[in-house]
Every structure is written in structure tokens, then in C-alpha cells.
Amino acid sequence: MTTMQNEIRQFVIDNFLFGQSDRQLGNSDSFLESGIIDSTGVLELIAFIESKYEVSIADEELVPANLDSIDRVSAFVERKLQAKGAGVGR
Amino acid sequence: MTTSTAFSPAVLDLDLAAETDRICDSIRAQSRDLKRRGVVLGLSGGIDSTVCAALAARALGANRVIGLFMPEEDSSPDSLELGQKVAAWLGIRSFVENITPLLEGAGCYRRRDEAIRTVVPEYTPHYKSKVVLPPATQGTYNISSIVVQSPEGVQQQKRLPLDAYLGIVAATNFKQRVRKMMEYYYADRFNYVVLGTPNRLEYDQGFFVKNGDGAADIKPIAHLYKTQVYKLAEYLDAPADIRRRPPTTDTYSLAQSQEEFYFALPYHQLDLCLYGYNHGVPADLVAPHINLKPADVELVYKDIRTKRTTTHYLHQGPLLVDPIDLTF
Numbered sequence: 016m017t018t019m020q021n022e023i024r025q026f027v028i029d030n031f032l033f034g035q036s037d038r039q040l041g042n043s044d045s046f047l048e049s050g051i052i053d054s055t056g057v058l059e060l061i062a063f064i065e066s067k068y069e070v071s072i073a074d075e076e077l078v079p080a081n082l083d084s085i086d087r088v089s090a091f092v093e094r095k096l097q098a099k100g101a102g103v104g105r
Numbered sequence: 006m007t008t009s010t011a012f013s014p015a016v017l018d019l020d021l022a023a024e025t026d027r028i029c030d031s032i033r034a035q036s037r038d039l040k041r042r043g044v045v046l047g048l049s050g051g052i053d054s055t056v057c058a059a060l061a062a063r064a065l066g067a068n069r070v071i072g073l074f075m076p077e078e079d080s081s082p083d084s085l086e087l088g089q090k091v092a093a094w095l096g097i098r099s100f101v102e103n104i105t106p107l108l109e110g111a112g113c114y115r116r117r118d119e120a121i122r123t124v125v126p127e128y129t130p131h132y133k134s135k136v137v138l139p140p141a142t143q144g145t146y147n148i149s150s151i152v153v154q155s156p157e158g159v160q161q162q163k164r165l166p167l168d169a170y171l172g173i174v175a176a177t178n179f180k181q182r183v184r185k186m187m188e189y190y191y192a193d194r195f196n197y198v199v200l201g202t203p204n205r206l207e208y209d210q211g212f213f214v215k216n217g218d219g220a221a222d223i224k225p226i227a228h229l230y231k232t233q234v235y236k237l238a239e240y241l242d243a244p245a246d247i248r249r250r251p252p253t254t255d256t257y258s259l260a261q262s263q264e265e266f267y268f269a270l271p272y273h274q275l276d277l278c279l280y281g282y283n284h285g286v287p288a289d290l291v292a293p294h295i296n297l298k299p300a301d302v303e304l305v306y307k308d309i310r311t312k313r314t315t316t317h318y319l320h321q322g323p324l325l326v327d328p329i330d331l332t333f
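If you're matching them up, the sequences are chains A and B in order.
Taken in order, the first sequence gives residues 16 to 105; the numbers are from the numbering used here.
Taken in order, the second sequence gives residues 6 to 333; the numbers are from the numbering used here.
The shape of chain B in the complex, shown without the other chains:
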């Protein structure tokens, strides 16, 4: 461990070859222990799923990895195109499952739009929308706002009251849950494990939907900071346009970065803050490396704590009254 006096961005440096071997060993051992013959994962065209697919292919062989593309009405066309590029690069099997009809059947879009109309009455399905948070350095509560854009391109932003917020989130979460349902279909069909693709920021800060993208049998990069995932992508020689693509949620119809939806800070800054927080590094040692004031880093530390508290529920499995012994 680095001492706080020697803090620099180099704390996130990895022995990339050794780390790749370690993760591949783990994927092999875990798949074997779970008595499954391969890996299924959703490919979003993002850096995390790309690195996970490459690691799984390296660990088990490309013929034991299945990549799924699961576009829906609000997905960016880039996601499918880049995802297919990853599958072709690795030579893995892949399937396209358009999940729009399933989401329509569940009332995802209708319920979401009804909730939006409680704050923006003129909203129609022809509008685009996204949910955003204030910056972590603002020191306010993490209260979400909705941004809508009319077909004429006029944008407005409104703070979400309780019912509207819960309504939009509950409806939108169908997307992650339907995708996971589809991944488990393929996992059952081929006797494979489902691989979840969260990086450390997402896992630690609870940026996932419980029983949606949060569900998986193995999560091979959950211990890696996002900066490290990018380095691993380079080491694994992932396609350059995927390495250059900014992180996106690809959940709402308006383009939305992960920081405005959830993290409230770009990943390269948040990585160092989270590392600093985890290792007890004082804010004033972290601040100069990420162009923030020490007071701002203190606010980010506070936000890290708040998000851990708030999302504790997401990490919990079902709670029992009495523990049950399942030893075999």
C-alpha cells in the first residue's frame, strides 16, 4: 500500500500481464466451481463489457463465450455497432435480442412517460429525456432532476419530487432487469455462467439496479478502478474507438454521461478520490492531482460515504430471520 505522503496517480498503476493472468485464473476456477461450461455477458460497446469479454475469451477460449446485444428504443445505435465490433474482434458467438417489445409489454415506456408528465405535463413520447444529478462538489443533496427536450430542441430541467422520481426509476429499471432475464435465458440454454461487468466505482458506489445489472454469477473486474480498466483495455488491444468512447448509461433517450446521472464527477477524478478515501489519504494530498480544491475533495469523500450508505440495500441478498446451514 502507498503511504499518504507518496500519493500520486501512479497508485493506480498495475502489472497488467500479472493482473490479466490473475483474473483469467479466477474466471476459470469460478466457472468450474459453479459447474458451468462458459460465460454469457451483455455487450454494450462500452469499455467494461469489452474488457470482460476479452478476459473471458482469454480464460476459457472464444468458443465458450457468448455476447448478447440487447438494444431497445432509447439505445444509441453506436452501442450495437461497437458491441458487434467487439464480438468480431474476439471471435465469440453473439446474438441480438431487441428488448423493446418486452419493455413495451411490461409498460416500461408508458409508466415512465406518465411519471414524467406529472412534472412536465406537455411531455409526449416524441420528447427526449434524461435524469441528472447536481455535481458532488456543490454540497447539496443528491436530488435528481429530469431534463426533457421537445421535438423542436427546446430543453428544460425540473427537480423531481418523490413520486415522479420513484415512478421514473422504477419504470426505467425494467431495462436492466429485462436484459438480465435474457442473459440468464442464454446461461440456462448453454449451461454457462452470467458474467457481470461492474468496475470498482460502479460496484462500490452502488451504480446498478438490484436484480438487474447488479445480478450475476461472477464479476471479474469489480475490484478494478475505471482508470485500470482502460489500461487493461489497452493492454488487451481492445479496438481504439471503444477505448475512446466516453462512459455512458445508454438508458435514457437524451445522451447522458455517467457522471451527470450518478457519479457527479468524471471517472479519472473519482478514481483517485475513491482510492484516497479507501486508503485514508488526506484531501489536500489528493486535490492537486485532480485539479480540485481540498474542500471539494472533502465533499467528494462525503458523497462517497453517502452513496455507500444509500446503496447498502442494493448489495444485500434476501434477509432471513434465522441463518440456515447449507453445508455439503
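Same shape as in the complex, but just chain A:
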């Protein structure tokens, strides 16, 4: 597991599960379908990503394909960081 996946997992466990990690949370598990994150939770996740990784998320990027599991968030942030590094990001 990458550092970023670990950081995202830790945020989810601390913020949404009150630090109780006894619940099995796979890297590909859907946050919405597992009931961990609702639409307000998505706002918290966005705030975490934007602040922690210093990226800005556009409205059209707010889709489950980018944000609905640890794997998806991590891949999305990696892409954002790469785009930013290449000077084509927001």
C-alpha cells in the first residue's frame, strides 16, 4: 500500500469512524455503498484532499469515479499532482 493510500485510509478512519478501524475497509470498497460517507462526508473528503495535497478540485471532477474509494481517491490525486507538476494543472 502506498503512503498516499495509507494517509487517505487514516483520514477516513479518524474522521468518519471515530478512529475505530475494526471495520474492514478494503482499498476498493465504495464509500457510498458501504455507508461510510454521505454527501456531507464528500465535502469533508474534498476539504481534506485540497488541503493535504494542495490541489484544487473542479466541479466536473466531483464524481464517484474519482472519489468513491481509497484506490480511486489515491489515483485521482496522483493524476492531479502529475498534471500540476507538468504545469498544466489548475
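Between beta-carbon pairs, the in silico distance windows are:
1) B:P271 / A:A80: 25 to 31 Å
2) B:K298 / A:D86: 25 to 31 Å
3) B:S31 / A:S45: 37 to 43 Å
Keep in mind the hints are simulated off the structure, nothing from the lab.
Note that beta-carbon positions come from the ideal geometry of N, C-alpha and C, so glycine has one too.
Dock chain B against the given chain A, drawing on the hints supplied.
Okay, now just chain B, sitting in the frame of chain A:
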């Protein structure tokens, strides 16, 4: 129950006379069980409160129904005018309670405006505003945006980050809670029940404020789809301008439809989607009846599920560690 192969808008047809009798029986029995002598309800000039008032008057007699008008600074003047028309039509007692001073005392407008200014710094109380959602068929998260309009009429829309969203919603929810506080004042004063007016879409999808408009002693049309409420209004001969009025939240200063604030789809489409979802009707059978693609109906089904999950909290009473036996 209709089978999925026979799906059509007719699934929402009702025996209106029988349904009216059934609801009136229920209002009488529930009011009696609760040891109350009548019904208090807020009249917004909308279709739901109009139908509820008419049913209550039919069930208990007009002299046992009190209608309250509770305008505030951002209310449309139409709401009071139409509400008064309903009271006159039914011959029920009514009272006007302007709740603006109570809301000012609670800091409703000030707190809301402070939260808006965190995303639109130039916003002043002279601006108008509303909160909107993306359409359900867009497939994005239900993330709200604020639309503001300057005194010159220039509009802008911005996505709401967490703190601003929570700040605006928390402040605005004072409106529904203050109204409910006033309804319970009248209920206590006259020994009446408070009647809540949600239709099935609102009840099922959690379109209410907990301990605000969500609070009530009885909810006589919570099982009816919005289309059915309109049919009942016609059957009960409700004033035509109320039946023609589009559903509104009447909570924000800019005109705001219920679909842009919450439902993300007009009611006649959402009614059939919710019915289809509840009865396991495949999306491709529902889609042709509401001018949507099957894939769009799938997205609406998903949104129905998401809203049920998200608003589960709203339906919960206080949770106890141990159950307590209250048998008598």
C-alpha cells in the same frame, strides 16, 4: 400491486373518494387517541398544506382546524395571499405570525450571510440568494452551490465548501424550527395536534428539517405521491391558482424550485421513478413514460437510494442505550 410489464403512469391512480374517507378516518382516530380536540397546521399556500387543511376540516369540522401563516423576510408575498385564500375557502380559523423578529433574534439572517460571505465576499443583505443542486441525471455527487444575485441583477453561482454549506443550512433551518415552535404554541394553547404536511417524496427522500417541518403529531399525506396529492386537490375542489402553483421551497430570497434545491427532477418524473424503484420496475420500463433514457432512470434510482441513506438520521428519534418499557 402492478406488475412491472404493465407499468404506466396509471399506477398512481387512486379511488379519490375512498382515499379521502380513509385519511379522514385516520385523522379522527389519531386525534382522539392523542386526546386532542383539533388540528393546527402551517398554511404555505402550497398544494400539500392546502390538501391537508381540507382533509382535516372534512374529518373534524372547520371549527376544529387552525391555519397559521408564518411569513418572514424572504417569503414570497404569494404564500400569505394564497394561504389566506385557503383559510377563507375552508372557513377555518387562522392567525398571522410574522416570524422575522424571532429569526433576527436567533441570528438566522446574520449567520447565514456570514457563511455566504466566506464564498462570495461582496455579498450584502441587499443581495438575493438560493442554494441549488446539480440534476440527478448528471451522475455527480449531490454537492450544493450557492446562487447569489446582486442588487443590479447580476447572478453568480459557486460551489459550497463544507463550512459554508453547513453554516448556511444550519442558519436557514431556524426558519422551519421557529415555525414548528409557533405551531406547537397554538397546539398547546388549544389542545390540538400539530399536523405535518409532507407528501411521500418529501418524507421518503428526507426533504425536511429534523425537529423543524419534520416534527408533527400526525402526517396524513406522507404515503401519497405528489401526483396523487394534486389529484386529491382537484377532487377536494381546492382553489385553481393553488393547484397551478409550481412547488417551491419559499425558504431563500431568490425564487427556488424544489427540484433545484433537493429533488433534482420535476415531481411528475420523480414520482414514477420512486414508484418504479419501490416496486422493482426495471429502469427501461419507466424511462419512456417520463422522457428519460434508461441510464438516466438508473441514475435517479441511485439518487433515491443515496438520499435514503443520507437522510436516515432525520427519521431517527433519540437513540437510547437500553430500551425502556412504556406500556400502560
